[in-house]
Amino acid sequence: MLLKSLDLSFNDLEGEVPVHGVFQNASAVSVSGNKNLCGGILELNLSTCTSKSKPKSSTKLILGVTISFGFIGLILMTSFLFLCRLKETKNELTSNLSCEAPFRRVAYEDLRQASNGFSFDNLIGSGSSGSVYKGVLALNGVVVAVKVFNLRRKGAAKSFMTECATLLSMRHRNLVKVLSAFAGVDFQGNDFKAIVYELMINGSLEEWLHPIHTSDHEVPEPRTLNLIKRLNIAVDVASALDYLHNDCEMQIVHCDLKPSNVLLDGDLTAHVGDFGLLKFLSEPSSQSSLSQKSSVGLKGTIGYAAPGTIKIWKDIHSIIYNLIN
Amino acid sequence: MGSKVSTYGDVYSYGTLLLEMLTGKRPTDSMFEDGIGLHNYVKMALPDRVLQVADPTLLREVDQGASSDQILQCLTSISEVGVFCSERFPRERMDISNVVAELNRTKANFLHGRHGLPA
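The listed protein sequences correspond, in order, to chains A and B.
The working numbering applies: residue 1 is where the first sequence begins, and numbers increase by one.
The working numbering applies: residue 1001 is where the second sequence begins, and numbers increase by one.
Among the hints, erroneous ones may be present.
[What the hints assert, rightly or not] Taking lysine-lysine pairs in the DSSO-like style, the calculated list, with each CA pair at most 30 Å apart, reads: (1) B:Lys1043 to B:Lys1107; (2) B:Lys1025 to A:Lys134; (3) A:Lys177 to A:Lys158; (4) A:Lys229 to A:Lys134; (5) A:Lys134 to B:Lys1107; (6) A:Lys229 to A:Lys154; (7) B:Lys1107 to B:Lys1025; (8) A:Lys154 to A:Lys177; (9) A:Lys229 to B:Lys1025; (10) B:Lys1043 to B:Lys1025; (11) B:Lys1043 to A:Lys158; (12) B:Lys1043 to A:Lys177; (13) A:Lys229 to B:Lys1107.
[Unchecked claim] Example chain B residues on the side facing chain A (calculated, C-beta under 10 Å, incomplete): (14) Leu1018; (15) Met1044; (16) Leu1046; (17) Leu1075; (18) Phe1089; (19) Arg1093; (20) Asp1095.
Note that these hints are calculated values from the structure, not bench results.
A quick note: this is a predicted structure, and the numbers were derived from the prediction, not measured.
Even for Gly, the Cβ is constructed at its ideal location relative to N, Cα and C.
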């Protein structure tokens, strides 16, 4: 079907009017009240278009817009690349990489030496994602905790990347402080990934709330937290969460907050650690949520994970059970 | 089926952690196996039986110059925050920035009261 008539009057349009189609017929087109229009067929009585009309201002405008878009594009691209790196879970990177920016670089040998060859005596904790060794870095004498990721476990490489990227972008007095990170190969040529933290000499809140009584120690150190110390720790942990939820550029959900992930320094100031399971939320508003695949329900720890997630966890178990049978 | 990852989940974990610090009991303690749960255990003790569920270590503060009234007031505030944070329904939970404000207020009241006491 052809367009029979077209009324564009009083729209304050600008630019060149075409000469084809409906515009061939002056009686079918009304362009009055658009003083910035030009060209078109003669009968429309519009001024002739000069291709370089208002050249300076429009060129400047176009140039400005182009540069702005270019700049925004660059920022977007950088952010995109950063996010891509987060999601780069399967790509095994064998060269020494990542997290190096504001940190001191360490070599595998430095970490091995610091932890006495990752000896049992230096082991201060182990969890699903890896083991943590204490040690002293020979290069600067700093006492550190080295978290070695168990790469045989599914998702460990992802945990490393997530934790690395997160800790890179965060600074808060109640979050664990990262000193360095290493991704490369060990002496046998196996993949090796580790993050180096400042050592929290008072261990985790878990150890203080539920001390293990062993008869081995002659005089067990009395590890009790009085009311004001607990209140301080409570404020510290809440401040760390408030920072993650409300003050970070991208909203962050920790997903695995529990006493063993709350570490205490020499002054018993609490530092939230273990960011292997965290999630970035896209919405900047507080208390927002993001739909995820149900596998997310597998994350977290029973007793501390909210009721909904545990339900999913059980559901997944029943689904797997049904699939197997 | 999908699940929600949200800041509410962290607030729940935080509430549980706070109640654990208050009572000295893990949420997975065998005493909660009958389904009562740490949250309800403390909720039922509010408003005036908090001392019965609190970790006995905390009650020793009396020796350190705090009156039992102040301790009770402080423990009650902590219990309330912990219970509010670990509510079953996400929307009923507190916002973490309110938690920080409330706990700072509780701390200030406790310290002020303690220092105001004769030695």
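Checked hints:
Restraint check: the Cα-Cα separation between Lys1043 (chain B) and Lys1107 (chain B) comes to about 21 Å, which is no more than 30 Å; the hinted pair holds. Restraint check: the Cα-Cα separation between Lys1025 (chain B) and Lys134 (chain A) comes to about 29 Å, which is no more than 30 Å; the hinted pair holds. About 20 Å separates the Cα atoms of Lys177 (chain A) and Lys158 (chain A), which keeps this hinted pair within 30 Å; it holds. Distance hint between Lys229 (chain A) and Lys134 (chain A) is fulfilled; the C-alpha atoms sit about 25 Å from each other, no more than 30 Å.
Of the supplied pair hints, the one linking Lys134 (chain A) and Lys1107 (chain B) is violated, its CA atoms being roughly 34 Å apart against a limit of 30 Å. Note on Lys229 (chain A) and Lys154 (chain A): the hinted pairing is violated, with a Cα-Cα distance of about 38 Å set against a maximum of 30 Å. Only pairs whose Cα atoms come within 30 Å are accepted, and Lys1107 (chain B) paired with Lys1025 (chain B) is accepted, the gap being roughly 22 Å. Of the supplied pair hints, the one linking Lys154 (chain A) and Lys177 (chain A) holds, its CA atoms being roughly 26 Å apart against a limit of 30 Å.
Our distance criterion of 30 Å between C-alpha atoms is met by Lys229 (chain A) and Lys1025 (chain B), whose separation comes to about 17 Å. Proposed proximity of Lys1043 (chain B) and Lys1025 (chain B) is supported: the alpha carbons are some 14 Å apart, at most 30 Å. At roughly 39 Å between alpha-carbon atoms, Lys1043 (chain B) and Lys158 (chain A) are farther apart than 30 Å, so this suggested pair is violated. Between Lys1043 (chain B) and Lys177 (chain A), the direct Cα distance comes to roughly 36 Å. Violation of the 30 Å bound is thereby established for this hinted pair.
Annotation: proposed proximity of Lys229 (chain A) to Lys1107 (chain B) holds, straight-line Cα distance about 10 Å (limit 30 Å). With a cut of 10 Å, the hint placing Leu1018 (chain B) at the interface with chain A holds, because the nearest CB-to-CB distance is about 6 Å. Of the supplied interface hints, the one on Met1044 (chain B) is violated, with its beta-carbon coming no nearer than about 18 Å to a beta-carbon of chain A, more than 10 Å. Taking 10 Å as the C-beta cut-off, the interface hint given for Leu1046 (chain B) is violated, the closest approach to chain A being about 17 Å.
Hint on Leu1075 (chain B) holds. Least Cβ distance to chain A is approximately 8 Å, under the 10 Å limit. Nearest Cβ of chain A to the Cβ of Phe1089 (chain B): about 9 Å, under the 10 Å cut. The hint holds. Contact between Arg1093 (chain B) and chain A, as hinted, is supported at the beta carbon level, the nearest pair being about 9 Å apart and thus within 10 Å. Because the closest C-beta pair between Asp1095 (chain B) and chain A is about 6 Å apart, less than 10 Å, the hint holds.
Hints 5, 6, 11, 12, 15, 16 from the list above are not met by this structure, while the remaining hints are.
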